[in-house]
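There are 2 protein chains.
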Amino acid sequence: MKYRHAVSRGTLFLLLAFISGLLTLVVPSFHADEGMWTFNHPPVKLIQERYGFKPGSAWLDHLRLSCVRIGGASGSFVSPNGLILTNHHVARMYLQELSTAKHNYVKTGFYAKNPARELKVPGAVIQVLISMQNVTKEVTASVSARLTPAKARKARDAVIAKIENVCRKKTGLTGEVVALYGGARYVLYRYKQYTDVRIVMAPEQRAAYFGGDTDNFCYPRYDLDFSFLRVYEHNRPAHTPDFLRTNRAGIHDNMPIFVSGNPASTDRIETLGQLKYARDATLPYLIGRLKDVRDMLQRYAARGPAETRESQSILFYVNNSIKALTGEYNGLLNPALIKEKKAREEKLHSSIAARPSLRHYAQAWKEIDRSLAWNRSHAGELNYESMLPGYSWGLAGTALSIARYAEEVKKPDAQRLEGYHEAQIPNLLRRLEAPRPYYKELETVWLAHDLALLKKHLGADDPYVRTLLAGKTPEARAKEVMDATRLNNAAFRKKLLANRGALAAVSQDSLLRFVRAADPTLRRVLKARRKNITAVREQALTKIAKARFAVYGNDIYPDATDTLRLSFGVVKGYPFDTSEVPCKTTFYGLYNRAYSFDNKGNFQLSKRELQRKDDLDLSVPLDFVCTADITGGNSGSPVVDGKGELVGLVFDGNPQSNSNTFVYSEVQARCVAVDVTAIIQALDKLYDAGPLAREMITGTLPVSPKALR
Amino acid sequence: MKYRHAVSRGTLFLLLAFISGLLTLVVPSFHADEGMWTFNHPPVKLIQERYGFKPGSAWLDHLRLSCVRIGGASGSFVSPNGLILTNHHVARMYLQELSTAKHNYVKTGFYAKNPARELKVPGAVIQVLISMQNVTKEVTASVSARLTPAKARKARDAVIAKIENVCRKKTGLTGEVVALYGGARYVLYRYKQYTDVRIVMAPEQRAAYFGGDTDNFCYPRYDLDFSFLRVYEHNRPAHTPDFLRTNRAGIHDNMPIFVSGNPASTDRIETLGQLKYARDATLPYLIGRLKDVRDMLQRYAARGPAETRESQSILFYVNNSIKALTGEYNGLLNPALIKEKKAREEKLHSSIAARPSLRHYAQAWKEIDRSLAWNRSHAGELNYESMLPGYSWGLAGTALSIARYAEEVKKPDAQRLEGYHEAQIPNLLRRLEAPRPYYKELETVWLAHDLALLKKHLGADDPYVRTLLAGKTPEARAKEVMDATRLNNAAFRKKLLANRGALAAVSQDSLLRFVRAADPTLRRVLKARRKNITAVREQALTKIAKARFAVYGNDIYPDATDTLRLSFGVVKGYPFDTSEVPCKTTFYGLYNRAYSFDNKGNFQLSKRELQRKDDLDLSVPLDFVCTADITGGNSGSPVVDGKGELVGLVFDGNPQSNSNTFVYSEVQARCVAVDVTAIIQALDKLYDAGPLAREMITGTLPVSPKALR
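So the sequence lines, in the order shown, correspond to chains A and Z.
For the record, in the first sequence the residue sitting at position 181 is 181 according to my numbering, with numbers rising by one throughout.
For the record, in the second sequence the residue sitting at position 511 is 511 according to my numbering, with numbers rising by one throughout.
For the record, the hints were derived by calculation from the structure and aren't laboratory data.
One or more of the hints may lead you astray.
Since copy identity is lost for identical chains, a pair holds within one copy or between any two.
Computed cross-link-like contacts, SDA-like style, restricted to lysine to any residue with a CA-CA straight-line distance of at most 20 Å [said to hold, decoys possible]:
| id | residue 1 | residue 2 |
| --- | --- | --- |
| 1 | 527 | 150 |
| 2 | 600 | 617 |
| 3 | 600 | 576 |
| 4 | 572 | 253 |
| 5 | 607 | 684 |
| 6 | 291 | 335 |
| 7 | 342 | 510 |
| 8 | 494 | 253 |
| 9 | 572 | 433 |
| 10 | 600 | 574 |
| 11 | 572 | 214 |
Nothing here was measured: the structure is a model prediction, and the numbers come from that model.
Looking at chain A on its own, in the form it has when it is part of the complex (with noise of 0.2 Å):
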């Protein structure tokens, strides 16, 4: 599923980043859907010539406020009502928060019959992307020329949280800066937020999730992967003029169409150094871990129900993570790939060699190659001493967020560690404050195994591990901290953090202590790499970037950015072997699979799909693919037809659709989404939530506002 690679922040999101570029490389003479348009230079010319469709501002506007951003992922208005459609993999995160003992929403499904009972989400952040300016002359205004790459990023990460804490303060909007084309071009992005967020309706997981880990990242698909929210103003459902009015007509093969949402991130612009280094080095050693991790947790869920409960949300990611490595991985690993790549890094280089003017920037992928020497010569430190040990979605990462607000919020605002400037406070407060469900003996088996894996691989008399066992077995260490600890406990929380966190700066919690004692090495190494790694390629990318501009002209798309994109496309089958996938599936493939399986494991159907078969049109399509340039972070997207009706929810790509993270090809690359005629006949015919398809027909509410309180 499209999902952002979702592990553990303090670990894998680092190492994600040094596979992550900023910018992007093509060839700009597109002859192919390529390419994720921000929607302040939308590919306007190349649309109507390939589709003969002018998309206007009013209609481009029109788009971008009826998307929204949900934590990593995407999501559209469906009603004047602040009704939200979005995936069920993307809405599951929630289900499993709300989930009790008693209700396992993940398993169960959940639908409000009436917006009263509609479930609210604790810590839950939506946003409207409102406006965006360009401000790279600020920011690059204060970046003499003369500064080291650390410096200089010191220099500009100052200039942006002053821009977005003035943001703030002047317009009420959260604001981000946001460094596209690798820091060529800086761009503020002003987002309205919605804090009160409530669960609508989600269909069973078998359902939503039928084919589970076999079919993730597959296609021919049969998933109902939707679900709905509802944001909320004043306790009242949100009024949100812009939505998307329901396609009823359906998809055809060869319809155009586009996809509006927010991937997360690409490497196109990665030199071809990177690449292999990805493919050799990094991509290996994150697959290695996270297999690691799904071990550990598969036991854990073997343990019971309860364990299974608990364990089933962050398994599925992981498990999700595996596969789009693995896919990426593959990718890499095809030398037509790296051939491509090659290619356009050679005619990008001969064009920079033919012009004197642009030959300065040729400096650019040898800074990029110090900085991989660095990081090879460097890889076991930066692959376990920047590792908080823990479930750092759990316990421990908030654990860490918290000793680190106490102590960031003391320094001048552009000195501080990104996350804690001061624009950023109020999301962070809500996401540490909310009350979330922890599992504590979850929590405590994670510790100690990752405190057994930094004792195996850095050796225990390792400065670091012998700061963190303290002496005690890893086993023996976890459970003395995980028990004593009371940062489950949110009131407890709140506390620790009311007034600029005075409590958590001086709370003797164990878990607090136990991540005061870590935080010296993983600053150590924080700092390391950004000074020799992301610094020194920060500067390089921007002259690269500046070479494309130069040679290119401007009319290129930047890497993703995980802020709100417009990609385009049809409605397309693809060659396969030597026969044909078509562009859509039905509900008859959805009950063909599951006998095929006779109905067992990953391919049970759920008792609904077996009892009320009957009552459906099985010849309506269910799940269809499209060319739409997309990657992780486009989860929940809409898909709209010309007058930008929607269409379609995108969930996922195929499994020739991985290596467009480094190369976008639509030979076979396909974007998978729920075909909205599949949804609308889910909720009618399935779900009893016949008055939820007619709010997205009609825009009206299943009760009238009144009624609501």
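Chain A is already provided as a structure; the job is to place chain Z on it using the hints.
Quick look at chain Z alone, frame taken from chain A:
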């Protein structure tokens, strides 16, 4: 579809023979479901080890006697009344020949509600393997080790012709001496022949060949590729006490199964040099030639409905061959296959080198290389001067056979061309005299096309071209020859062939004169090929086979030789990409694939399938896959369980099985079969052919034999 590549006998069969070996090369410690075993050397121990089942001689005899050979394909008795189950695509040529402008049985299907309405197929012959006898000593005793390869072959041919002739005279059975293990073994196969063959039932082509050329050789599949024939004796349904009972419980995952049929040829004994030659020269040439024929046929079919009907069957077989050869070609392009082949060859080489008594066998590879060099330097001559222009299955081929018959029967049996030995005469005459339809317009177009091809490749001044064209344009010459010939008249052919072809020898029929003029060139090339390629390779392969016996022992199977073989394995899906393909499909899948393609083109459902959808249990298995080792010629083979009961009907292999021609693998390669429960359901619910289903289940004829008169 696993039909033997069926293209013009005059050219393609000869060319295919190049890349066809006669022996097998495998590591003898089989860990896989590998092998097409002869019934007189069944892999009893292997099957017992793998599946805990010991096939006894009664079990084997019953299975063998229940199986039939139908031209280049397979089938089995499924009632005691001579009822034969085979593929639709095997009976297709019969359906085509019996079709008229009024009744297109290929398109509409056919069902004889009672035996009296069954349609007799002129010229059809169906054979049952009654016994086998090792005649290696007799055959090789006649051949001095000092003879040249060509002379040795001649000597062997003489003995073989004699053995076959004696067999017919003494037993009344049709004898066929087959060289197994590249001539290290010669075995006399004795067949009982049925020459009164009638069509009982065939589905319409859309159901039998759903997915058309697009899905051919692919999986998952949803084809009802079955048909029923019946053999008669003395105008009554033949009594066939050995027949396969139907297993009504159906298949399940990992169920052990057996396949018994007539695989045409495999190239597993081929040397690495031969495989590379096939990859670099033979296959690209053949595929190109076939595509040219296909284009010509498609242009012809586009003229109108009559032309479409006339060309439909041959076009089907040509497309089938293109896809089969392309699959093999792709298999050879896979470096992993070449690597595996090389490893096996090197293992054999070092075993030979290690034993002084075997070292002389090493010479064999050099002899093969010499034949390849000769082949390479004579490719033009071999490709074009061996080619009789025109449709070799049609009038041109018939004419050449008639002319040669008249000439050959005058010679002593031992000196005749292959195909004209005394023992082969009855079936030859049956084929030539059968009242088949010939389409003169199609024949003319084809002849003109081939004449133009020869002119283009050999040049207008080439003696062969000058002889063929007789100073005319290709079109004029083709028209002249085809307009005047009377060979399309069965009575005329019978008259010509009577009295050992007395009239044929002197007839001035335009087409007979044409082929007589061509024959000296054809014979010259044939002779050169036999001397420099066929005979050399036979001798070399015999050596390799002997070396393999010496190294690996006797428990190895020979390459396929168009004779009855036993394969075994399990019903089993396979891993694919990062997902899984299940072991079976269901009727749901049929409708899914049809509606996924909007019920259009190759994916259009038949009227019956559309109208009777609700009568079907859509969860019934339709097609399934198993690991049994099969190849072209296995079409129509029964799949049986341990009790010898019928569970399925082989009709194809998946794309990954194409490279099994060269090296067997069971990772992904699979044999594709129609599930017998699908056949029963289709007979009952789609075709109102319940009586036929009952005959399969109870063995009872639809009407009492008395009513048949």
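Legend entry - Numbered hints the structure breaks, given as an ascending list: 6, 7, 8 and 9
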